[in-house]
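K.L.:
The whole structure should be built from the sequences, with the hints applied where relevant.
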Amino acid sequence: MQTTATSAFPTRNTVIPFGPQHPVLPEPLQLRLVLEDERVVEALPAIGYCHRGLEKIAEKKDFIQNVYLVERICGICSFMHSLTYCQGIEELMKVDVPSRAKHLRVVWAELHRMHSHLLFLGLVSDAFGFENLFMQLWRVREHILEIMEKTAGARIMLSVCSIGGVRRDLDDGQMAEVLRVLDRVEHELEEILPTLMNDYSVRQRLCGVGLLSPDKAHDLGAVGPTARASGIPMDHRQTGYAAYGDLGGVTPVTETAGDCYARIMIRVRELHQSAEFVRKAIQKIPAGPIAVPVKGNPDGEVLVRMEQPRGELIFYIKGNGTRNLERFRARTPTFANLPALLHMLPGCQLADVPVIILSIDPCISCTER
Amino acid sequence: MLTNVQEITPDRLVGEVALIKGQGCRFVTVTCTDLGEAHDLIYHFDDQGELRHLRLKLPHGATLPSLSGVWFAAVIIENEIQDLFGITVTGMAIDYKGRFLLAESSPKAPFNKLGGIAVDVRVRPPAATEAAAPGGAH
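Each protein sequence line maps, in turn, to chains A and B.
If you number the first sequence the way my numbering does, the last residue is 369 and the count never jumps.
If you number the second sequence the way my numbering does, the last residue is 1138 and the count never jumps.
Treat the hints as calculated values from the structure; they're not laboratory data.
For each residue, glycine too, the CB sits at the ideal point set by N, CA and C.
Do not take every clue at face value.
Said to hold, decoys possible - No farther apart than 27 Å at their CA atoms in a straight line, the calculated lysine-lysine pairs in the BS3-like style are these: (1) B:1113 x A:61; (2) A:61 x B:1108; (3) B:1021 x A:56; (4) A:284 x B:1108; (5) B:1108 x A:60; (6) A:60 x A:295.
To be verified - Some but not every residue of chain B turned toward chain A, in silico, with C-beta under 10 Å: (7) 1032; (8) 1046; (9) 1047.
P.N.:
Put into structure tokens, the structure is as follows:
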């Protein structure tokens, strides 16, 4: 403990390590918090607890094997990583992916977004002490995981995206089952979400906490729901990748308050938006092949980006005409949101730190790769 | 394919980035690749949804000026590059001295193509390292 002021009422600063093992943190992240009484004055991140060097491994593997490697960057939104990687390689090799495969990619991508958002909402409910809400949200999430298992053969690591298309098709019965599950999920959420949105205690814990202004969000490079909660209408699905361009356009979900409550409301509203995209994709899916053969090796460089549940995901891929890539790099949304998090914490109370950290939906596996 | 790329030299980096920031762009990230004789650094920016890039070649052993004075968001990726490629970045707002991701026993500059060719930024006088380093995981 050190004294920082020499006035008649000296203020004592305390430095405490928050994490890497902490009840609210699903993954190891440490923040060194400088406290003045119970108020946070400064926060410094310390990571490196689960760095796996996946970018380097990607240079050693065959570029087709990398589809499975990049899926393992994240244990929550794994499909998004394989989709982004495949889109990058397809752009380099000028592969024209069949329209049916693009629609199927949207179906699985949006199911992934829904399960990721439900996971987040459950975790953040647990962080502010509402354990029953946490259990109810994760119970609903199970419906999404089950339908992913029925359609892709796995709950999280789907491994259905391949360079040139997808590896599995959906028949009419499976599509009808997906639609039934979406109806059930939305019906159950109608009963649960009002508690999250309107409960007095929840609002007391979240409203006005962890503020991030639009200017600061832009200046600090915030992405995804963190940026949209501060009023920045940024959603890369607007570029129309996969089949989003054929589904009637994407209007980013935004809030203006820039606090923890706004960041949570973005996810709540995006749950319904994702369900709508799945319905549209199934409604408009054309008949035809689900993949095309790919010949040759990637050459040249490309920067591909897409909208992952936590925000903008970027892959830089550089090929050299061989089976191995010259360089593969991933910039994940949590990595981009760390500077914004460091800005949100000073001035808050120590008791609010867990909620503020979770409000950006941090994924440390993604961040460290 | 990568388009809208502007080649620059390290001494012009901070000035060019300040201009780009003044035009309302968003800092996206930096990509570093070891080319053997030099590092290839690409700075990515988002200009109203369009990407633009600054590209520079940095010879092995040369230092790189930090952007964190212009754009604080750059400090995380600059520390990562310092760790993984052994590039000394000067003037960072938070300098982990090569201990952002790596531990003392970790391989040095593990993302370089050839082992041992990069400068080891962690070999510094103990007193200076301890005084300046704000922390790190290890």
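K.L.:
Does each hint hold? Answer for all of them.
P.N.:
Verification of the supplied hints:
1. B:1113 x A:61: The given pair, whose Cα atoms are some 15 Å apart, holds under the 27 Å limit.
2. A:61 x B:1108: Roughly 22 Å between the alpha carbons, so the hint for residue 61 of chain A and residue 1108 of chain B holds.
3. B:1021 x A:56: 31 Å, violated
4. A:284 x B:1108: The hint is violated at about 52 Å.
5. B:1108 x A:60: 18 Å, holds
6. A:60 x A:295: Holds, at roughly 20 Å.
7. 1032: OK, holds: residue 1032 of chain B within 10 Å of chain A, min 8 Å.
8. 1046: With a closest approach of 8 Å, the residue 1046 of chain B hint holds.
9. 1047: 12 Å, violated
Hint compliance for this structure: hints 3, 4 and 9 are broken, all remaining hints hold.
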